[in-house]
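Assemble chain B onto chain A, guided by the hints.
Number of protein chains: 2
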Amino acid sequence: MHVAKTIEEMKELRNSIPSGKKVGFVPTMGYLHEGHLSLLRKARKENDVVILSIFVNPIQFGPNEDLDKYPRDFERDEKLAKEEGTDIIFYPTPEQMYPENYSSYVITEGLDRHLCGAKRPGHFKGVMTVVLKLFNITKPHNTYFGQKDIQQARIIEQMIKDFNLDINFHICPIVREEDGLAMSSRNVYLSKEERKQAIALYKGIQKGKELFTNGERNAEIIKKEVEEVVKSFNLAKIDYVEIVDYTTMAPVKTLGDKSVLALAVYFGKTRLIDNTILE
Amino acid sequence: MHVAKTIEEMKELRNSIPSGKKVGFVPTMGYLHEGHLSLLRKARKENDVVILSIFVNPIQFGPNEDLDKYPRDFERDEKLAKEEGTDIIFYPTPEQMYPENYSSYVITEGLDRHLCGAKRPGHFKGVMTVVLKLFNITKPHNTYFGQKDIQQARIIEQMIKDFNLDINFHICPIVREEDGLAMSSRNVYLSKEERKQAIALYKGIQKGKELFTNGERNAEIIKKEVEEVVKSFNLAKIDYVEIVDYTTMAPVKTLGDKSVLALAVYFGKTRLIDNTILE
Chain A
309 MHVAKTIEEM KELRNSIPSG KKVGFVPTMG YLHEGHLSLL RKARKENDVV
359 ILSIFVNPIQ FGPNEDLDKY PRDFERDEKL AKEEGTDIIF YPTPEQMYPE
409 NYSSYVITEG LDRHLCGAKR PGHFKGVMTV VLKLFNITKP HNTYFGQKDI
459 QQARIIEQMI KDFNLDINFH ICPIVREEDG LAMSSRNVYL SKEERKQAIA
509 LYKGIQKGKE LFTNGERNAE IIKKEVEEVV KSFNLAKIDY VEIVDYTTMA
559 PVKTLGDKSV LALAVYFGKT RLIDNTILE
Chain B
309 MHVAKTIEEM KELRNSIPSG KKVGFVPTMG YLHEGHLSLL RKARKENDVV
359 ILSIFVNPIQ FGPNEDLDKY PRDFERDEKL AKEEGTDIIF YPTPEQMYPE
409 NYSSYVITEG LDRHLCGAKR PGHFKGVMTV VLKLFNITKP HNTYFGQKDI
459 QQARIIEQMI KDFNLDINFH ICPIVREEDG LAMSSRNVYL SKEERKQAIA
509 LYKGIQKGKE LFTNGERNAE IIKKEVEEVV KSFNLAKIDY VEIVDYTTMA
559 PVKTLGDKSV LALAVYFGKT RLIDNTILE
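In the order they appear, the protein sequences are chains A and B.
Note that this note's numbering has the first sequence beginning at 309, numbered continuously upward.
Note that this note's numbering has the second sequence beginning at 309, numbered continuously upward.
Where hints are given, some of them may not hold.
As the list makes no split between identical chains, a pair holds if one copy fits it or if it spans any two.
Okay, derived cross-link-like pairs now, SDA-like style, lysine to any residue, Cα gap no bigger than 20 Å in a straight line [to be verified]:
1) K433 x G418
2) K469 x E320
3) K447 x H478
4) K469 x P402
5) K329 x C480
6) K319 x D474
7) K447 x S327
8) K350 x V560
9) K427 x L375
10) K469 x Y410
11) K313 x D474
12) K469 x I367
Worth flagging that the hints you see were computed from the coordinates, not collected in a lab.
If we strip away everything but chain A, and leave its shape as in the complex, we get:
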């Protein structure tokens, strides 16, 4: 396994891959958990060469967000990536990615109006910009994103289409702890009691699914019942409970072909998200 710490190194490694070989790419911010590993496994199965990027992208964090304390452990990540058969880790510095006079960015007009886009201004600009750069540096045939960050996944899927990139986009299922909590690098922030109550999101999602399966299509009714479930956990503070159309990421009144029930909930300063596709 190679570790490329500069863009030049990564590009050289990429250019040395014979043109017939399929390249799979998994972009991450590191501190790998089973969710990330499931992406690596799928990439390993479907490609000749697997590239993992580890980069805590400063420009996708807001001024009052957790950039500085975001968990990092490169040695552990390296070991885990190797075990999953990763061929190359791209591990650049912020100075490599955003040198002096850096000034070009990618934005979406529409897909970031709701959910996390509304709550974290500039977040998806940062995500789109870094992912486009990573795509251009690693030139993958396939790329793998987790459904947990569903708005991010949808925005990147659309960017690939809009910018005419020759990349196959794969969205992979949410991986959960035994009690249902969605895997996230941010789960380490939780106190013992918060961790216990963090299943609030999953319980809410289960309630929403149940209502949908039983035929409920009124978004207000579903949202209200989900909110009640979440609120029954006393440490949970709802940031949003929303139902949106998968394609437009805009709220719906009546659930259609492919809707998304999405939640963001604070436990203390820790903000957790979760979602399920209702179709």
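This is chain B only, laid out in the frame that chain A set:
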């Protein structure tokens, strides 16, 4: 010479070019003049395959600008392109480039604050977005832009660097009519009298150059003298006369290593631009 009218057709043609061959790309809005042809000639000299795009990009025009009346003549362009040894013309429709639910855009933060960027809000967002798409569709090794649109050229040069694209950027000299007027597709809008007076821009530039050559480095003084020259033509209405740093495209008080004297002047409804690099 091939003419590709869809993205799929263009991509197929591009993919059929053997990987050892160098591809040069000249993006235009058509209605080709000697300026465009000089780019094609340079591309022809330096590459195995030359691709020209002709696309009047709707998203780079403001609501009160000249999108509808922008001059078009594909048959003439086709003939001229063929004479210059162009291999492929990419000639898509707006619907091909911006299908339903299109939502991803490229912006610059900084380089569009002055000159045309300040006067034409959203213009460079449209330019950057379409050029990135065209790059992704045509995958060139070399691309050629005219110095006449110097802020555009600088922004694209920076985008290539920022987005880690493997494309060599070439900026080519302004081509002028015999009396000094910079070639532009928009020159056809000028009445006979306006056309005569349109040399105001070139005369202003000559004055600026002369002052610079004689050692003047105070931007205010140069700008004032240039403005006086332009104003001596009674049909000329100055939009801006500015001196900026080449790298940042921001105004300077004292001319440095590489400054740009840039002008935008209206003749009736027709807006002409011109510039010179002072170094």
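Hints that the structure is at odds with (numbers, increasing): 5, 8
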